[in-house]
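Take the sequences, apply the hints, and build the full model.
There are 2 protein chains.
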Amino acid sequence: MDKEITIYDIADALKLSPATISRALNGSDIVKEKTRKKVLDAAEKMGYRVNAFAKNIRTGKTKTIGVVVHELRSNFMTSVLAGIEKVASDNGYDIVIAHSSENKEKEVQNVFNLFNKRVDGLLASLAFDTADWNHYKVFVDKKVPVIFYDRVFPRSPFSNVTLDNFKAGYEATEHLIEQGCRRIMHVTGDISKNVYLDRLDGYKAALAAHDIPVQKEMIRVTTLNEEAGIAEADKVLKMKARPDGIFVTNDFCAAVMMSHLVEHGVKVPQDIAFVGFNDDPISKIIRPKLSTVKYPGQQMGEIAAQRLINELQGQGNAALESQIVMRPTLIVRQSSTKKKN
Amino acid sequence: MDKEITIYDIADALKLSPATISRALNGSDIVKEKTRKKVLDAAEKMGYRVNAFAKNIRTGKTKTIGVVVHELRSNFMTSVLAGIEKVASDNGYDIVIAHSSENKEKEVQNVFNLFNKRVDGLLASLAFDTADWNHYKVFVDKKVPVIFYDRVFPRSPFSNVTLDNFKAGYEATEHLIEQGCRRIMHVTGDISKNVYLDRLDGYKAALAAHDIPVQKEMIRVTTLNEEAGIAEADKVLKMKARPDGIFVTNDFCAAVMMSHLVEHGVKVPQDIAFVGFNDDPISKIIRPKLSTVKYPGQQMGEIAAQRLINELQGQGNAALESQIVMRPTLIVRQSSTKKKN
DNA sequence: GTGAAAGCGCTAACAG
DNA sequence: CTGTTAGCGCTTTCAC
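For the protein sequence lines, the chains are A and B, in the order given.
According to numbering that gives the first Met the number 0, the first sequence holds residues 0 to 340 in order.
According to numbering that gives the first Met the number 0, the second sequence holds residues 0 to 340 in order.
FYI, nobody ran anything at the bench for these hints, they're computed from the structure.
Certain hints may be false.
With a Cα cut of at most 16 Å, we get these calculated EDC-like pairs of lysine to aspartate or glutamate [unchecked claim]:
id	chain 1	residue 1	chain 2	residue 2
1	B	288	A	225
2	B	142	A	3
3	A	283	B	225
4	A	288	B	262
5	B	141	A	3
6	A	288	B	225
7	B	142	B	310
8	B	283	A	226
9	A	141	B	3
10	A	116	B	3
11	A	60	A	310
12	B	203	B	216
13	A	85	B	104
14	B	288	A	262
Have a look at this one:
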């Protein structure tokens with residue numbers, strides 16, 4: 000009961016050769032239908048399980064794709080993962096998740112780890128402070144395909160799947176303008192990341208389109224965590240000329256800021272309108288409910304995984320569609336509704 | 000550049016035997032210091048990377064532990080994972096995470112998957128609707144150690160690490176009683192899980208200790224999601240005799256209920272005091288801030304992982320300490336503070 | 001259709 | 001201290 004069953008055991012039991020067992024198990028079409036059945040039955044009955052290592056060592060393939068995530072704690076990310084998992088398992092691939100907790104060191108370590116595990120391909124989203132792609136070079140060297148999703152390198156030779164962050168930033172900002180805001184603050188994250196840089200550009204473009212000057216002091220680059228939310232709220236309270244609208248690129252941070260301001264007598268949306276980002280559950284629970292930008296995480300995962308698998312199976316048009324950009328949706332709730340309909 | 004470097008290549012280059020290379024690479028102490036250095040240098044220079052499969056197939060060990068999580072989306076869970084990761088990597092183990100999204104089918108599939116991947120040991124927390132442990136039997140049969148954490152089987156032959164849910168339930172309820180509540184509602188999850196059953200028992204015991212009768216209609220078994228929160232809040236609104244305190248075993252659901260009630264004119268904590276569970280970030284953002292029960296996720300992860308590794312290394316006292324229970328802390332915020340100090 | 005045999009990269013006796 | 005040798009379980013020519 001302790002010993003593993005191997006194809007040799009099945010071969011012995013059936014008076015066949017290991018080669019035939021192997022062929023039958025792998026659905027080779029040159030084995031007689033009757034034999035195949037017999038083998039499959041025996042395998043089942045004897046409790047046979049492939050030894051993936053032995054298989055991998057021979058084939059050089061692992062049928063596994065690695066997924067590097069920068070953070071697990073978000074709704075968006077779990078949706079993306081769900082999408083990846085779906086497509087992967089539909090195509091017979093396993094996935095192994097490595098999460099870097101927004102930490103570059105960990106990301107580097109994880110990437111090497113996945114490389115050593117010999118994943119067939121890699122899907123990755125960058126940690127907050129990842130600035131170079133040296134650690135992905137091993138994959139390039141061995142010609143193991145890598146596709147980035149969500150947080151990608153601004154200008155890199157890799158394929159990637161992203162949200163249209165520019166458009167998202169533009170629409171969120173324009174929405175605030177349409178609600179009558181003129182002094183719009185933008186609270187965002189590290190703009191060396193495409194994600195935040197593009198949203199910022201969208202914000203600027205929307206202001207420009209409506210002839211509102213961009214003011215440097217209204218653009219706040221922060222860590223987007225709880226402390227940052229409180230700190231920024233405090234700064235707003237101290238401003239002589241407060242903003243009348245704030246676009247924060249993260250719901251959690253937006254919620255913190257908003258609560259803090261409300262607690263200090265600011266009326267939302269009347270004094271200051273708010274728009275967040277992500278459609279996190281928190282946006283529906285907080286009062287006033289937070290307007291936000293939603294994007295299709297599950298589909299992003301599905302698309303990224305499908306492209307990787309296509310490439311693995313040699314059907315890749317990587318060169319033809321190396322950048323895929325997905326469209327966001329603005330969700331308007333009370334926090335930004337100054338005008339009643 | 001495309002070909003993998005093997006220990007044979009190094010052996011050839013250095014005019015040594017593969018065995019010596021292997022020994023040097025694995026830090027065996029019977030190899031001469033000078034040779035070891037030479038080998039390590041060469042390996043580095045030639046770009047050698049172990050082939051984990053070849054290694055695993057020989058040793059029968061993968062130096063990998065599988066982690067089954069019922070849900071990733073919580074703060075608590077990511078803390079647990081961080082703890083597991085820390086201990087694992089300190090001991091030279093990799094971890095592979097499989098998440099079941101509260102879905103039994105997926106859990107079953109993940110467990111088999113990890114089994115096939117030949118993890119050396121398993122840490123698992125059960126999905127919402129997992130009721131039997133048939134899928135873990137393969138591990139038992141092959142004597143691969145499994146330790147459950149957080150969500151465990153109420154009465155099972157496995158070791159586990161849990162929160163003292165009874166105590167948590169007791170303290171949360173007693174706190175409400177001390178604040179003057181007498182009609183205390185308990186909103187919780189599936190009580191076939193230890194987690195919820197024990198909290199319920201704690202709730203009942205606290206009521207009993209204060210001579211408050213337990214009323215069946217005040218105990219609500221729900222799914223603890225958003226819809227459940229709204230539905231329960233609606234039911235409360237329709238009650239002739241409303242509760243004056245509610246203990247919800249999940250912060251998110253508590254927040255939803257609370258918001259909904261407040262929106263319908265209920266004053267929190269004056270009319271109804273609230274206590275949640277988990278110390279989720281949301282508990283600090285919502286107004287009034289939510290009292291809650293916090294527990295040490297990171298330590299739970301560390302302890303679970305350490306115990307598993309001890310067992311793997313034959314230092315296990317599994318029989319002696321098969322159940323480890325961790326102590327929760329009640330965090331009092333505005334949502335339950337009826338009495339001012 | 002099936003079998004025999006070689007070998008993937010590595011480790012673990014057993015010698016020396 | 002180092003080398004020789006024999007597999008681990010599987011796939012894959014090449015024969016039959």
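Going down the list of hints, with the structure as the test:
1. 288/B x 225/A: holds (14 Å)
2. 142/B x 3/A: holds (12 Å)
3. 283/A x 225/B: Distance ~10 Å between residue 283/A and residue 225/B Cα, so the pair holds.
4. 288/A x 262/B: holds (12 Å)
5. 141/B x 3/A: Judged against 16 Å, a Cα distance of about 9 Å means the pair holds.
6. 288/A x 225/B: With Cα atoms ~14 Å apart, residue 288/A and residue 225/B stay inside 16 Å; holds.
7. 142/B x 310/B: Holds - the C-alpha atoms of residue 310/B and residue 142/B are around 11 Å apart, at most 16 Å.
8. 283/B x 226/A: Answer holds: residue 283/B to residue 226/A is near 12 Å, not above 16 Å.
9. 141/A x 3/B: Between residue 141/A and residue 3/B the Cα gap is close to 9 Å, so the pair holds against 16 Å.
10. 116/A x 3/B: holds (14 Å)
11. 60/A x 310/A: holds (14 Å)
12. 203/B x 216/B: holds (13 Å)
13. 85/A x 104/B: OK: residue 85/A and residue 104/B at ~14 Å, within 16 Å.
14. 288/B x 262/A: It holds: about 11 Å lies between the C-alpha atoms, which stays within 16 Å.
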